[in-house]
Amino acid sequence: MIASGFRLRKATDFSRTYKYGTSYNHQSFYIKALQSKVSKTRLAVVVPKKVSKKAVVRNRARRRVYEICRLNWKQFQPGYTIIITAKTDLSEVPTQELETNIVRGLKNLKVIV
1 MIASGFRLRK ATDFSRTYKY GTSYNHQSFY IKALQSKVSK TRLAVVVPKK
51 VSKKAVVRNR ARRRVYEICR LNWKQFQPGY TIIITAKTDL SEVPTQELET
101 NIVRGLKNLK VIV
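69 is the number that my numbering gives to position 69 of the sequence shown; each next residue is one higher, with no gaps.
Just so you know, the hints here were simulated from the structure itself, not pulled from any lab data.
All figures in this text were calculated on a predicted structure; none of them were measured in a lab.
In this text, a Cβ means the ideal position worked out from N, Cα and C, and glycines have one as well.
Mixed in with the good hints, there may be bad ones.
As the list claims (entries may be wrong) - Here are the computed lysine-lysine pairs in the BS3-like style, where the Cα-Cα straight-line distance is at most 25 Å: (1) 37 <-> 53; (2) 87 <-> 107; (3) 110 <-> 40.
To be verified - Okay, the calculated beta carbon distance ranges per label pair: (4) 77 <-> 14: 29 to 35 Å; (5) 38 <-> 88: 29 to 35 Å; (6) 37 <-> 89: 32 to 38 Å; (7) 74 <-> 4: 14 to 20 Å; (8) 14 <-> 39: 28 to 34 Å; (9) 48 <-> 22: 27 to 33 Å.
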């Protein structure tokens with residue numbers, strides 16, 4: 001899990017990122033990223049109820065994505081607001097494949113060097 005200071009929490013930050021951010025679309029998730037004036041990169045992982053009605057499944061998916069981001073955190077460019085939203089049940093995707101796809105998406109958005 002990444003530190004709480006690096007997590008995105010405010011509704012205004014979410015709406016601004018969804019409205020003005022650039023996106024990367026994958027079959028199991030999509031990423032919205034927006035360069036901000038804040039010096040630190042902030043991240044949010046959203047797993048809607050459409051993915052699973054069970055909170056245990058949604059929280060497990062959220063933890064997996066946060067862990068992937070934590071392991072690659074040193075490669076992140078400073079000053080970005082990032083939202084990763086799951087579209088399907090991520091428990092069916094192997095962790096290595098999920099990490100490869102997330103890193104590819106973040107590189108495509110120039111969030112990771």
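Tested hints:
1. Annotation: proposed proximity of residue 37 to residue 53 is violated, straight-line Cα distance about 36 Å (limit 25 Å).
2. For a cut-off of 25 Å, the pair hint linking residue 87 to residue 107 stands: about 20 Å separates their Cα positions.
3. Distance restraint check for residue 110 and residue 40: the Cα-Cα separation of roughly 15 Å lies within the 25 Å cut-off, and the hinted pair is therefore satisfied.
4. The beta-carbon spacing between residue 77 and residue 14, approximately 20 Å, falls outside the hinted interval of 29 to 35 Å.
5. Checked against the hint of 29 to 35 Å, the C-beta distance between residue 38 and residue 88 comes to roughly 31 Å, which is consistent with it.
6. The given range of 32 to 38 Å is respected by residue 37 and residue 89, whose C-beta atoms sit roughly 36 Å from each other.
7. The beta-carbon spacing between residue 74 and residue 4, approximately 18 Å, falls within the hinted interval of 14 to 20 Å.
8. A hinted range of 28 to 34 Å is violated for the C-beta pair residue 14 and residue 39, which are about 20 Å apart.
9. A hinted range of 27 to 33 Å is violated for the C-beta pair residue 48 and residue 22, which are about 21 Å apart.
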